[in-house]
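The lines below spell out each chain.
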Amino acid sequence: MRSTEKNFIKRLKRQKEDALEYTVDEYLPLVKGIVYKVLHPLENPGLIEECINDVFLTIWNHASKFEGDTTDFRKWLCAVTKFKAIDTYRKTIKRVEVEMVADDLEVGSTHSVENEILITENKNELLKLMSGLEVMDRDIMVMKFFLDMTSEDIAMNIGLTKAAVDNRIYRGKKRLQQQRSNRNLGGALHEGYL
Amino acid sequence: MKDIYEHLNHLNLDDEVFEEMEVSEFEKTKVKRALKRRITKSKQKKWKKTLMAAAIAVSLTSTALVGLSFSAYAEEIPFLGNVFKYFNKDGVYDNYEENANELNVTEESNGIKITVNNAIFDGKSVVVTYTIESDKDLGESAWITGIPMYEGGAGGYHEITKIEENKYIGMTTVTHPNDIELSEVNVDWVLEGIMPNGYSEDAEVIEGEWKFHFDLVAVDSKTQLVDQSVEGNGIIASIEKVTFTPMSFLIYFEQMVSRDIVTQWDYVRVDIEVKDNLGNVYINQDNGGYGSYSSYDLSWSKTFGKLDPEATQLIVTPVVELSDNETLGYGENGRRIKANYRLENSKADIEKFELNEIIIGIEK
Numbered sequence: 001m002r003s004t005e006k007n008f009i010k011r012l013k014r015q016k017e018d019a020l021e022y023t024v025d026e027y028l029p030l031v032k033g034i035v036y037k038v039l040h041p042l043e044n045p046g047l048i049e050e051c052i053n054d055v056f057l058t059i060w061n062h063a064s065k066f067e068g069d070t071t072d073f074r075k076w077l078c079a080v081t082k083f084k085a086i087d088t089y090r091k092t093i094k095r096v097e098v099e100m101v102a103d104d105l106e107v108g109s110t111h112s113v114e115n116e117i118l119i120t121e122n123k124n125e126l127l128k129l130m131s132g133l134e135v136m137d138r139d140i141m142v143m144k145f146f147l148d149m150t151s152e153d154i155a156m157n158i159g160l161t162k163a164a165v166d167n168r169i170y171r172g173k174k175r176l177q178q179q180r181s182n183r184n185l186g187g188a189l190h191e192g193y194l
Numbered sequence: 001m002k003d004i005y006e007h008l009n010h011l012n013l014d015d016e017v018f019e020e021m022e023v024s025e026f027e028k029t030k031v032k033r034a035l036k037r038r039i040t041k042s043k044q045k046k047w048k049k050t051l052m053a054a055a056i057a058v059s060l061t062s063t064a065l066v067g068l069s070f071s072a073y074a075e076e077i078p079f080l081g082n083v084f085k086y087f088n089k090d091g092v093y094d095n096y097e098e099n100a101n102e103l104n105v106t107e108e109s110n111g112i113k114i115t116v117n118n119a120i121f122d123g124k125s126v127v128v129t130y131t132i133e134s135d136k137d138l139g140e141s142a143w144i145t146g147i148p149m150y151e152g153g154a155g156g157y158h159e160i161t162k163i164e165e166n167k168y169i170g171m172t173t174v175t176h177p178n179d180i181e182l183s184e185v186n187v188d189w190v191l192e193g194i195m196p197n198g199y200s201e202d203a204e205v206i207e208g209e210w211k212f213h214f215d216l217v218a219v220d221s222k223t224q225l226v227d228q229s230v231e232g233n234g235i236i237a238s239i240e241k242v243t244f245t246p247m248s249f250l251i252y253f254e255q256m257v258s259r260d261i262v263t264q265w266d267y268v269r270v271d272i273e274v275k276d277n278l279g280n281v282y283i284n285q286d287n288g289g290y291g292s293y294s295s296y297d298l299s300w301s302k303t304f305g306k307l308d309p310e311a312t313q314l315i316v317t318p319v320v321e322l323s324d325n326e327t328l329g330y331g332e333n334g335r336r337i338k339a340n341y342r343l344e345n346s347k348a349d350i351e352k353f354e355l356n357e358i359i360i361g362i363e364k
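Keeping their order, the protein sequence lines are chains P and E.
Heads up, the first sequence is in the numbering used here, so the first residue is 1 and it goes up one at a time.
Heads up, the second sequence is in the numbering used here, so the first residue is 1 and it goes up one at a time.
Just so you know, the hints here were simulated from the structure itself, not pulled from any lab data.
Keep in mind that this is a model prediction, so the values were computed, not measured.
Any given hint could turn out to be false.
Stated by the list, open to error - Coverage of chain P stretches by chain E, computed from C-beta distances (three or more under 8 Å per stretch; other residues unrestricted):
| no. | stretch |
| --- | --- |
| 1 | 20–30 |
| 2 | 54–63 |
Claimed, not checked - List time: in silico DSSO-like cross-link candidates among lysine-lysine, alpha-carbon distance up to 27 Å:
| no. | chain 1 | residue 1 | chain 2 | residue 2 |
| --- | --- | --- | --- | --- |
| 3 | E | Lys338 | P | Lys10 |
| 4 | E | Lys32 | P | Lys10 |
| 5 | P | Lys37 | E | Lys113 |
| 6 | P | Lys91 | E | Lys338 |
| 7 | P | Lys10 | E | Lys113 |
The C-beta atom is built at its ideal place from N, Cα and C for all residues, glycine as well.
The following block holds chain E by itself, in its conformation from the complex (with noise of 0.2 Å):
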């Protein structure tokens, strides 16, 4: 099915009645901004919990293997093996690699090999593996532009590593953020550029060329309609369904937001906590969602590890942030201006609740 936008893009619509309206230089400058903010807001935050995460890995290594430089043990990293579990967290990535399609394509521009190692599709994110060979220095924490597109792919992340000398490996995940399941996709990668020193607006990029062009079928996958609620203060958490795949499996979830907190707080956000009913506790992948930010009726929707095949329920705790944003100043009526950002470590209002459990039996 069509979506709204595809209706409207063959309206073919009589644009000349329209009319336009004086805008200020500074009146572009806020809607770029506005809109950078959004749509680097979960770039940004994965990105540093990346970093987090590679930094215990490698403190991990350091004690494991006494006498071995980093060196050695990154060279057994690229090539032989797991490019995945490198960049695993806490466990989502374990079993990506044994179900992934092995591609092995070398593509050379500018002095720079980069190879795809692998690449794999869930039916809802393309997740893509690879390593960079240069014969210069790319930095600590290069960063490559141009994401893989494919129908309907929409939001992306890089997460790249140095490993040594001129040698780097990555993985980047793209989400479709829409409710369909897509059984295959086509993936064109074209990377136009390496920033060294990783991405900032005005960085030094080593153009280049790599094209990559590969078709991906879905892993086999069981979704199992959920559809159940819990409310609590003006909140509604609901699961819709639940897909499990060879390596992992989604939740699906909404929220709905009641008038009072949506005209009370700023930004409503619904995340949840999974574990099983043997203890295990499952870390996930945040795949961003879709809805009204008017009202904050979003669908979201998550990946977590592989599910341990003894489970018979997951337990789905749903947690509620309420958050406020900066205050710019008061205005001459008294009244409040309000930023449309929160900064980190903010001292604006927050609140956070959990609300009841909701129980799924795992149909086997």
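So that you can see chain P by itself, here it is in the shape it has in the complex (with noise of 0.2 Å):
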């Protein structure tokens, strides 16, 4: 049996080889586009390259996760490639600025709270953070920052004013600083190996 538009995602749900396939076929000029949009600024061909290829393998091992048709399954796809893309960003540009951004903190100068919290990269202690606030400022926080958003670009697809993106956007910051303090995080702060 071959993978079709009709099949493709159940098959990709158990594991088929061809599944993934069909997906890479179909969807490597979506992705390829991403991708290259987000890390082509530093110039590395090979950065872009493991990036797209890592995009896929995590469609193939979180597929289970996956819920929807074929025009969910796209836009799920374009959110885990921004998603990949942005954390590759992060973590090549942080090798550079890590250690700047580490002093900075012990003189406890300004810092934000999702960046604080992206430097430990701990993701699931900001998601942890995040089960908290209600489902539509969550969605905010995780285009914010997982997909790098800007509040026009989520006041497009929430539908709402910029205005009040920025407004939860202030909230659930507030929030998760609260609630970061009560559960005393700082020692998962991460200053330690690089």
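Each chain sits in its own coordinate frame; assemble them with the hints.
Put into structure tokens, the structure is as follows:
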């Protein structure tokens, strides 16, 4: 049996390799477009290639979690790709900047909570904190933190005004900051090995 | 808690804003090949190991049972017996049979009967044993397509051995890579075909449909947090926790790699060797891992055989392997062009060293 537009998601969930091939044939132009846009300023073609492979590997490994039809799949794939590209970008940049930021933290200068948490690379921790938020706020935070989207873009996706999105981001950050100090996550801050 | 991929699933992102880019057939092939290598890498490795273990088992058996034919020995195996023991790797599965759920459900399709004999879930891996009886010859190394699916289950592999004319026994393991422990799983297993002479891309397939469903409760287990690390040469190895079950123990560990090492080497892997304070050496089954391949900060878990009840300490030696990929050639500017894989018996650089032992006091 071969994968087609109708059955490839099901076959992907069942870990059929031909479904992964189908996904590459069908969606590589889209994945490449998204990854390229984010990563090409770094001028490292190897990084782009690795990130593209990583996206498809992620789709393969997490297919069982996906719910929906072909239209939803395209949206999911776009979101996962953007997330992976942003993640790769931050990690690469961070290697250069981390020492600087770590110094800043020590002297207690101003720094934003999301940067601080993203420096820890502890995304699960951030997700855990975010699970206390309302669905819409959480979606906004995911778009903001993990997909690096602008307030305008988020506003268009959610159907709110930019001001309303900014306001929600502001409140959301504040709540995260509160929760974070309650949980005393400071220990998870990662200044160690790099 | 939902993970990031589930959050992204429900985001309902406007996907019209993203632009496609032109892609050549060559690029597609390149991506597919890279993926294939990564999703089959561990599978193949295990398969080879199993073949070796099976070969050793057979040669031992023939010396021990002089005068008995192999099929006479084999006959007592599949139906009376302990399929787990058959696939035992130096003791990893010794105590699985007595803790497993006996299912013995048979499905028949296209002249082939498949019976699921036993299944067990240790919180990390589902292990299923089965027998295949066919009205036709399925060759020396039959292969089935379709792995048992359950919430989060991702990586799986089969081990199948011919035991006599038209009879085979098999064991399939499916592991979930997440760091969470599941207490119960609902397993759906749909087999769609058998490849008579083993797996290959263009192999002949006998199609059919064999459907199984079973629910498994995880065996009782006790988890001990460890949180101990050692560091050396830019690598940190840390043991997160150990989980003890009636038939095994699992060690969860992590590797963290400094930037220097990441830039110097193409692949970084930390493995562990485990013995106890009484001198028992434990052989393990690799459950794979997860993490970022760009930084090589990865989390792993391994399943070991049953702990000696007299043991009071586990002594873990992290072994670091740094390796380089193949060199394909040199570009016009003299820069090395590297492959994203490494061949077996490669001459590319490789370095292996041990870190200091981590000693875990076992909480009784």
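Checklist entry - Among all the numbered hints in the text so far, which are the ones the structure does not match? => result 3, 5
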